[in-house]
Every structure is written in structure tokens, then in C-alpha cells.
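Since chain E is already given, all that's left is putting chain D on it; use the hints.
Number of protein chains: 2
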Amino acid sequence: MTTVALDLLGGDGAPGVVADAVALLFQAPQDSDPRLTLVGPEALTRDLLVERGIDPSLVAVAPAGRAVAMDEDPLSVLRAHDDVTVSVAARLVSRRLADAWVSVGHTGAAVAAAALELGRLPGMSRPALAVVVPSLAGPVILLDAGAAPEATPDLLRQFALVGHAYARTLGVADPGIGLLTIGGEAGKGDRLRRSAHELFLEVLPSRGYRYVGSVEGHDVALGRSARVIVTDAFTGNVLLKGLEGAVTWAAQRMGEAYGDPGPAWALASATATSDFAGGMLLGIDGVTVIGHGAGSAEEICSCIRLAARAADMRLPDVASQALREGGLDA
Amino acid sequence: MTTVALDLLGGDGAPGVVADAVALLFQAPQDSDPRLTLVGPEALTRDLLVERGIDPSLVAVAPAGRAVAMDEDPLSVLRAHDDVTVSVAARLVSRRLADAWVSVGHTGAAVAAAALELGRLPGMSRPALAVVVPSLAGPVILLDAGAAPEATPDLLRQFALVGHAYARTLGVADPGIGLLTIGGEAGKGDRLRRSAHELFLEVLPSRGYRYVGSVEGHDVALGRSARVIVTDAFTGNVLLKGLEGAVTWAAQRMGEAYGDPGPAWALASATATSDFAGGMLLGIDGVTVIGHGAGSAEEICSCIRLAARAADMRLPDVASQALREGGLDA
Chain E
1 MTTVALDLLG GDGAPGVVAD AVALLFQAPQ DSDPRLTLVG PEALTRDLLV
51 ERGIDPSLVA VAPAGRAVAM DEDPLSVLRA HDDVTVSVAA RLVSRRLADA
101 WVSVGHTGAA VAAAALELGR LPGMSRPALA VVVPSLAGPV ILLDAGAAPE
151 ATPDLLRQFA LVGHAYARTL GVADPGIGLL TIGGEAGKGD RLRRSAHELF
201 LEVLPSRGYR YVGSVEGHDV ALGRSARVIV TDAFTGNVLL KGLEGAVTWA
251 AQRMGEAYGD PGPAWALASA TATSDFAGGM LLGIDGVTVI GHGAGSAEEI
301 CSCIRLAARA ADMRLPDVAS QALREGGLDA
Chain D
331 MTTVALDLLG GDGAPGVVAD AVALLFQAPQ DSDPRLTLVG PEALTRDLLV
381 ERGIDPSLVA VAPAGRAVAM DEDPLSVLRA HDDVTVSVAA RLVSRRLADA
431 WVSVGHTGAA VAAAALELGR LPGMSRPALA VVVPSLAGPV ILLDAGAAPE
481 ATPDLLRQFA LVGHAYARTL GVADPGIGLL TIGGEAGKGD RLRRSAHELF
531 LEVLPSRGYR YVGSVEGHDV ALGRSARVIV TDAFTGNVLL KGLEGAVTWA
581 AQRMGEAYGD PGPAWALASA TATSDFAGGM LLGIDGVTVI GHGAGSAEEI
631 CSCIRLAARA ADMRLPDVAS QALREGGLDA
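First to last, the sequence lines map onto chains E and D.
Number 326 in my numbering belongs to position 326 of the first sequence; there are no gaps in the numbering.
Number 645 in my numbering belongs to position 315 of the second sequence; there are no gaps in the numbering.
Isolated chain E (complex conformation) (with noise of 0.2 Å):
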């Protein structure tokens, strides 16, 4: 059976919402669903699940005292402490104690101890944070949104492989991977996309990829060409929460269109709560998902189920593996 840990203590919420989360998935648990164990101060941890009418002996503690705060340094405060919630979840994963684990802190610190404690894959400069916007054709993966500072051309052709490999993981057969840019109009983007577009025509398509070329923002909803959609984090954060806002005006304005608000909202409801929820971080040896900061318990839910089913799907080894057949595990 799959064990997810999670950090109690990351979250605009947290720990009341993480442990929300928990007793939610024991008043409605689904087949599927993996063991827990709770990253956190153990007795605070314990007096939660209580409070919520949880048995404690059905839940694992692993004790952690601290996390990073929004204002703190993360590489820092992971250097200096041991016992950071990020860490000793990442830790538990590293020492096959669980099989992945989850966040909805600090996206920095998270991103960071995943890399200080599992390690990189041969052949990723940098782990991305992937995003499944569900489209109107399936399933987008939407690449990086938000883990890696600045993107150089062959960290997009890193983002690329892997968030194929996990296009593949979530059942699109021969995904295509398009470039994100603003179009023929203007150059086809600036000297990053540029430079991009022409590595990637050089070493996808021979390497059994579908490279569909340029596509643009309205394409991450649509679905039309592109599966797999890569871009610099700081495009990809802006974007995602773009199309987020834009689904909360959505429903506030379709609902209003209609005289009634329920099916609106229940739509946007179903939205954040799909496995657009949670951020898949691509590129670390051990499956890291990283939610909102500001989640709500039903979003956090469905980060555990995101997580526990990247594991079954060993994740890890097919992103390993789409790296050495890219040519980029030398």
C-alpha cells in the first residue's frame, strides 16, 4: 500500500487545514486512497486528530518542530534545522519510509529540501513544478510554474521530456509538446523561445517526440495541439494563476448570467479541487507535490490522491527514464 507524508505545518492555513484535510479523507475514503503520515509537532499533531474525531492510532506522526515562514530564507533555515516539516516529509520518501509526499507551504523551501533530500535526476539542472490543467481536450501539462528561477533554452528542452513522461503517466497517448510564446507576429517571442524553438526542432523530433511548434496562452485551456506546454517559471506562475482568477470570474459572472449561482460555483469548486490542485514537482528522484499555499481542505485532499498516484505510477522512473532517451543523462 502507498504512504504520502505530509507537512502539517505548510500553509496559509496550516495546521488546522492540513489536519481538515485528513479527517476528510476518513469521513469519505476512496478505494484508492494511501496511508498518511503527519509531518509534524507530535503531540500538536495527535490533539488535531483528536479534536477532529480521528483514532491517533490510525495515523503515523513523524516529528518535525518547525517550518519556513513566508518571510524566511529557505536554504537557510534547511541548513541551520534538522527538523523542518519539508525536510523530514522529503526524508521519509529518501528512506522508503513513504512512497511520496506533500506540501501546500512555502513553494521555495519545498522545492528545496526536495532537492537537498532526494536528489535531482541524472540529467535535470533544475526540478519544475507541472501543473494538469484540464482542458478542453484533456488533460495540459502546464510547465514551469514556479520552481526554477530562470530558464536557459536546454532547461526547457529538460522540461519538455519530463513533463511528457507524466503527460504519458496520466493516460495522453503521444502527447505533443508545444513551446509557449506570443505568436509569428512579434518574431516568435523573444531570444529565450527563439533559441528554444530552434534546439528543440533540432533534438525532439528526432528522438520520437512531437514537437507541434509555437503555441500560445489560449492554448493551455483549449488543449488543441499541445499536451505538454513549457515555459520559464516566472510565465507559467503568471499564467496559471491568470487562468485561475479567470475561472473565478467565470463563475461569478456565469452565474449571475443564469439567475443561478449553484452550478457555476460547484464547476469552479470541481476545478480547484481536480488535480489542477497540486503542483507536481518533475525532475527529483522521489514524487514531490506542492499545493497552494492557500488550499482549501478538499484541495489538499486532492494532492495526497495526485501524489499517491504518481508513486503507483513510478513517476520518478518514467521522468528518469524520458531523460536518458532525450539524451540527457550524460
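Please note that a few of the clues may not be correct.
[What the hints assert, rightly or not] A few chain D residues that don't get close to chain E, going by computed Cβ distances all over 12 Å:
1. G343
2. V347
3. L354
4. Q357
5. T367
6. L374
7. S387
8. R425
9. R450
10. E528
11. L531
12. L534
13. G543
14. V648
[As the list claims (entries may be wrong)] Residues from chain E that face chain D, not an exhaustive set, calculated with beta carbons under 7 Å:
15. H218
16. N237
17. L243
18. G245
19. W249
20. A257
21. Y258
22. P263
These aren't lab readings, by the way, just hints derived from the structure by calculation.
All values derive from a computational prediction rather than experimental measurement.
Ideal Cβ positions, reconstructed from N, Cα and C, are used throughout, including at glycine.
Frame of chain E; chain D shown alone:
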């Protein structure tokens, strides 16, 4: 009365869809509609009008022979030919034969023609394309949506000033200015954003502008704090197209959720044909509106009306004053 010059040859469906837009304006006129001057080959223009049952004597024609094709370098074409529609249309404004001009063709060509024929405002290094997003809180000005190829902190400051002027002409009282970035976690974004943030803090509040600080992608559709959101052309264009894709996504999915697609698509269509249809080129000494290449006749009508209103509000003068007040006209 206001006169708008209209590029007949620009756009994916040109010249037919542009002539359709003219017919729409004649079929359903509004009190504030401008006079039109069509810019295109004379005989072709007359034929298109007659085909649509429009008396050609009611529409002025300014003869121009050719457009800039999507795969051509706009500057080379504009320098080699005197009769390109975008140049002729912009020239009508510079010679005070029209008050504003509209093109839905090649964005780069329209930007170049505007700069060459009308000139930049003092203090403006490069013009920016500003789009009115109908956020939940009212109009939000997002700029640059795709005009200036590489941004600097000083250029973003110019965008803030002219964007603020545009928001005021749209009736937004004391619009807050936000810098689009990816949030505190990641060190407030990349180098460009960190430098721009320092500059904005230094120069905006002391001159009476309300700088609300960093905003994120969702703030564009929600409009919670900033009503002027400043970014580079690459990010702005990706985000804008992302929002368009999300609205199409929402119309499809919400229509399904309610079991009645009508109201959802009506809302999507009303949004596409709102002021959102046209990008206002700010920082140019003459009103220039650039619409979607794939825009419908209804969207082109919206661009024409947006251009007429901006001319009536003397937007270039207001923007010029903002640059002066911001200390940038030296």
C-alpha cells in the same frame, strides 16, 4: 464629429470581415458612432461596400495599395512602400484628417506605422499595448500586451504612467498601480520585477500615484487592488491570451453544467466584443487601436467605438500630461 480611419486590409478575414464591420455599424448605429474613412484599394473598397448594400458616398475612402503580410518584416515593408494601409491610416491622423485609426492586422506593422507616422510622446521610449480587462471590480488596464519587445524598469514606469492616464479616461477614480509578479515566496519574481519594484516605490508615491505593490496573475480578472497592472510584452500577451482561452473553456463547461449553452456563450461573446476587443497603443501621439487578427466583425466594431471614445477624451494629451507629471518628459 469624430472620424476613425480603418485599415481595410489588416486581419485574418480581411478585407471581407472589415467591410462586414462597416455594414454592422450602418445597420445598428449608435448616437456616438464616428464617421469612417476606409483605407484600402479604392475600387475594391467601393465594391465591398456595394456588395453589403452600403451607399459608397457615405464612406470616405483613402487609397492605399497593400498590407504587411504576417511573414514580412514590417519595418522593411513600411520603408520600401509609401502606400501600406497602416501607414496611410496613421498618416491621416497625423495630418488631422482623422482623429483615430484602427487595424486588426499585423501588430508589429501597426506599432511601427504608429511610431513612424505619429511619433512617440515625450518621455516614452516605446509604446505599449493596453487592454481593458472587464474584471469583477470594473475595468483593469493590463499593459504591455504585446508591443515592446524587451522591457526595462524604466520602461515599466512609463507604462505605469500612461496606463494610469488611460484608466482615468475610462472613469476609474484614483486607480491603483500594480506590478505583475509571482509573489513573495520566490523573492518577488525575477530581476526585472525586483528592480522595477524599487523604482516604483521611489518615484510613484512621491508624485501622487497609488502604487499598491506586487500583484499576481489572478488579480487581473479579480481587480481587487490594482486597476492598472504593468508587465512586459511577453508576459502580458501570454496572460491575455490565457484569459481568453479560459473564458472559452468556461463558456463550454458552464454551458454543459447548466444544460443550456446559450447564456454562457452570450456572456463570452459580450466579453469578446467589449472594450476588451481592442488594444490601445499608448505613448503614441495619436489614438491607435490594434485588434485581434482573428477578430469578428462585432469585435472590429468595438475597436472602432473604443478608438472614437479615446479620441473624444483626448487620450494622447492625457497620457502626455501623465508623463510630464511623472517627471518623464525631459
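Hint by hint, here is what the structure shows:
no., hint, in the structure
1, G343, "holds, 16 Å"
2, V347, "holds, 18 Å"
3, L354, "holds, 23 Å"
4, Q357, "holds, 25 Å"
5, T367, "holds, 25 Å"
6, L374, "holds, 24 Å"
7, S387, "holds, 36 Å"
8, R425, "holds, 27 Å"
9, R450, "holds, 19 Å"
10, E528, "holds, 18 Å"
11, L531, "holds, 18 Å"
12, L534, "holds, 21 Å"
13, G543, "holds, 15 Å"
14, V648, "holds, 27 Å"
15, H218, "holds, 3 Å"
16, N237, "holds, 4 Å"
17, L243, "holds, 5 Å"
18, G245, "holds, 3 Å"
19, W249, "holds, 4 Å"
20, A257, "holds, 4 Å"
21, Y258, "holds, 5 Å"
22, P263, "holds, 4 Å"
Violated hints: none; the structure is consistent with every hint.
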